[in-house]
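> Residue numbers (numbering that gives the first Met the number 0), protein chains in the order written: chain A, 0 to 526; chain B, 0 to 616.
In case anyone wonders, no lab produced these hints; they're calculated from the structure. A hint or two may mislead.
[Said to hold, decoys possible] Within a straight-line C-alpha distance of at most 27 Å, the following computed DSS-like cross-link-like pairs (lysine-lysine) qualify:
id : chain 1 : residue 1 : chain 2 : residue 2
1  : A       : Lys376    : B       : Lys356
2  : B       : Lys106    : B       : Lys363
3  : B       : Lys157    : B       : Lys106
4  : A       : Lys376    : B       : Lys524
5  : B       : Lys157    : B       : Lys549
6  : B       : Lys524    : B       : Lys356
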Amino acid sequence: MNDTNAYFLLAAILAPILAGVILLFGARFTDTTRRAIAAFGFGWPLVIGIMLYGLFVPGLAGEYNFELRLPTGLESIGIYLHLGLNGISMPLFILAGTVGFAAGLYSMYSDAERPHLYLALLLFMLGGLMGTFASIDVFFFYFFHELALIPTFIMIGIWGGVGRRGAAIEMTIYLTLGALLSLLGLIALYVESGAASFSLPELRDYLASQPLSETVQNNIYALLLFGFGILVSLFPFHSWAPKGYAVAPTGAAMLHAGVLKKFGLYGLLQIAGPLLPAGAAHWFPWLIWLALGNILIIGLVTLAQRDLKMMLGYSSVMHMGYAFLGLACFSVVGAGGALLMMVAHGFSVALLFMLSTCIYHRSQTFDMSAMGSLATKTPVLAAFFVAGIMASIGLPGFGNFWGEFTIFVALAESELTRWLVAPAAIGIIISAIYGLRAVGNIFYGQPSEAFAERLESAPIEDLKGFEKLPACILVGALLLTGIFPRIFSDDANRELAEIYPAAEHHFPASAGVSEPAATTIYQEDAH
Amino acid sequence: MTATQSLLVVLLAPLFSAVVIGLFLRRFGQLAAYISVATSGVIFLAAVHAVWTAGGEIVHDSWLWLSFGAFDVSMGVFLDDVSATMMLMVTFVGFLIHVFSLGYMAKDASLARYFGGLSIFMCSMLGIVLADNLVMIFVFWELVGFSSYMLIGHYMTKPAAAAAQKKAFIVNRIGDLGFVVGIAYAYWHFGTTDLEVMGALVGADPNLIHAGIAALLMCGFIGKSAQFPLHVWLPDAMAGPTPVSALIHAATMVAAGGYFLIRIVYLFPPEVLSIIVWLGVFGAVYAGFCAYARRDIKQVLAYSTLSQLGYIGAAFGLGYPGIALFHLITHAFFKALLFLGAGSVIHGCHHEQDIFKLGGLWRKMPVTALTFLIGILALCGVYGFSGYYSKDAILIAGGMTNVPVAVLLTFGALLTAGYMGRLFWIVFLGKPNSEAAAHAKESPLVMVVPLVLLALLSIAGGWLGYWPEVLGATIKADKAELIQMTGYDAMYLRVALLGTLAWIIGLGGSFFFYGRGASEDRLEKIAAPLYSFINQRLWFDETYDFYVLKVQQRFADLLSLLDVFLIKGVLVRGSAGLVGLVGMCARSLHVGSIHGYVYWFLAGMLLLWAVAAGIFG
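Chain A on its own, in the form it takes in the complex (with noise of 0.2 Å):
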């Protein structure tokens, strides 16, 4: 059953971690070497990435591309080293090699101290990112995952700026809290399963066949909700998310937020919903008004803030509302939302976060009522800032606005979910509010006294190669999947049609989809 493609599927996510161990022995490389190990464990995944998309076969809903499973030694408790990807792990396997390979280039040419560990450790982070949306077996799946989440602890409390240690200790605290709670849920469903293995397609199949009670059903989705909820901000859950992201060092937030914090999301999508539909409708409710919350409330929020990064951090927050809005529908529809929506917002806050190091590299300030007309010095940052506050505030061209939008659709499709289309769009205006803001403070206008002194006297140059190579490629990422979004939307679509069936909607009888207006009349004409 192992195709030799598969194997490059695990390459993917040993090379990497191959270059990071070479690189932890490696305080006297020169730069060139260093650089030439860090660029083939940083590149070659999103080398196999596209490679693999284009071996891609549309076969059959619910079977597995390039599928590996290897024995670990622990197969008494059913634990494979079982690797492969299907439509919807596909597009987030390509943003974790992409978002990697951004983040490395621009990493590699960091003045942090002890360069070759800091490269270590992002190289770590890669290797587990991969591994997480190429397992099939759930133990694998929560095990890269904290393979990840490890170094951006370390790296914050190393590298980080100022006020680190506060926010690496409240981000360590929070996110092993989640991911415990989570490991928990996870554990839970395969004891109460009596499945053999971890595998999902397993699970899936044992549970379709004797689906189990809804109490279980209830709790087992509560700890996975609230586990995976923590690691994705959830509010009230969010309050890690903005002050670790504004001191975290570049690479480690870009890989952080882009791709790390989408596992909880992936596995809401992948796992708890299809595995546990009793439950996800006991805790619609609370799922949609907590999503709100993210919406609103941080949104709001985010409007107050002066910091550039703690205004990229809370509007990150904000936009994960629309992602869990998106599966709180339960529709495939809803679910294929939030997948474009994961996979662009990974784009566009790694891009965000890079962007706003490059601007405070010119400006030695994040204050943003402190800068003013930085463009007449750096045209090309400007328009590359532009882009992605442009990206992530929903304008179409962009992958964000299908994101949303289909999320927006999703919302309308169903009696019970129509009310929330409003509130829930008002977030349109809210993040253009403080997009344009920050893109005005920063970019237009004149500069406040200090900073035109420092625009007349300190020499501010334009993006330099290692900054333009990756936010060329996070922009024209997040232009490919907003131009053309079925390079990710037409296999994901299949794979969802299978596991959110129609008929399993969860919402309550009386309340279901209902049927367009128009096509009744068509189906009146019919008879």
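Please build the complex by placing chain B on the supplied structure of chain A, with the hints as guidance.
Relative to the frame of chain A, chain B by itself:
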């Protein structure tokens, strides 16, 4: 080439030009300008070719764009007589304004950014025109908003420009909120958002018309076409370069709102239409008053645009989309002409925009002055000029169906003639009132020729007899409907008489009131309270500013404070504190002091006794 292929050229050529400029020509402004101008010429030719090949047949092709479950979006082109008319207008006026920009922007430092922006705008605008479904309209709707944002902020160090670009985008987003919700509802209501299919469905069963959905979609129009109460962004948008004001904020983008309504006219029930009528009438009269207190030549024109957009909305709301389209087209010609004329004046007078510092330009800039006068006559609806035909059609439609509307709109026409007269007499007659005006020179040929061509269109654009059969169908149908009504002839005579009276009084009155080439505002001098009341424009901007700064921002700050203190401080740190407290108590169990153990022992005994005695129930 088939018609569809030509339409794709129309849609994609400007995008291609923008990409080329953005990627390779940032430092080669002159080359970028030529490429952009050439592209705009090519798309005009392609548009003509498409209409020619289609030969009056409807062209409708679409391709799947995104599909999830029961949700399908397609991207397509839909060419009928309405979109063909609009497309030809946009491409031709767009081409002339591109050419004009070559002269007007010649000394600008960021030519490439400017012309790249114009190309993006053309692509997005033509996307709206050709779109075959609501989602695609919305996509390009947002993109015109983006290009407008970029072009308003072209002079990026000007604080007014930075504020105006933000305001324009955000105010438009408020309208788009309703628009996007309306699309989401419409999709599940009709099972599609395809314009042709929805039209057929509603035609088969009028019960499908849904007032709520129509009202939500109308919000998009209110934002984009700057209708009350979202009109505040348009005057500020004049901070952009003048050709941009002509193209985006007068001729095409702001009219896109009206065009959008005309595309989906079959979705509107009478109650929503009457909302649109009254919004339009209010805007037409309100903006007419505001224009009297403006000193900036472009601001006067901006309020005139607001007022004319009100006429378009009113015509649509009265149930005559064809006449709304007619006025939209003629307005595009004469308003583009007026803005470009203003651009020529500004260019000739070293960027002096205060009308009381101009004056006496009639001799120095004869072509500009003459074409500007033609624009004014067309705008005022002088017999024979294009504006006469379209505005009279609106007034007649009002007179036949809703008399108060007709009366107010006629009064609006009087106001229009008054402020346009004020503008013309002060700027072009009398003596120069500043150094800049004294040394004014006629603009170069590259700017003058577009003026002349637009002036010809401003005269002839209303002669429906010369419109090719494939373009005028909807307009002619609506006019024919009016003509067949009983009492048309009497109404025609009455409107023609009143309309003519309106412009004679307006132009003449302003001539005698303001005089030639005045250096100060006479209204301000003799009726200061009235002037300052008009100048305040009913305090809309002040109210909105107050809301944004004092209500919304303070609420956001309060929430931010609560977020930090309640959630982070009390709940999270608090729970950490609780764990710490438990830890402290637990630690005192193991301190190793005999006293400690004795007390704990006694406490335990007490607890055991209490349980045994049944105190805890």
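> Take the hints in turn and mark each one as holding or not.
Taking the hints in turn, this is what the structure says about them:
no. : hint                     : verdict
1   : Lys376(A) with Lys356(B) : 35 Å, violated
2   : Lys106(B) with Lys363(B) : 22 Å, holds
3   : Lys157(B) with Lys106(B) : 17 Å, holds
4   : Lys376(A) with Lys524(B) : 46 Å, violated
5   : Lys157(B) with Lys549(B) : 25 Å, holds
6   : Lys524(B) with Lys356(B) : 17 Å, holds
Going down the numbered hints, you'll see the structure goes against 1 and 4, while the others check out.
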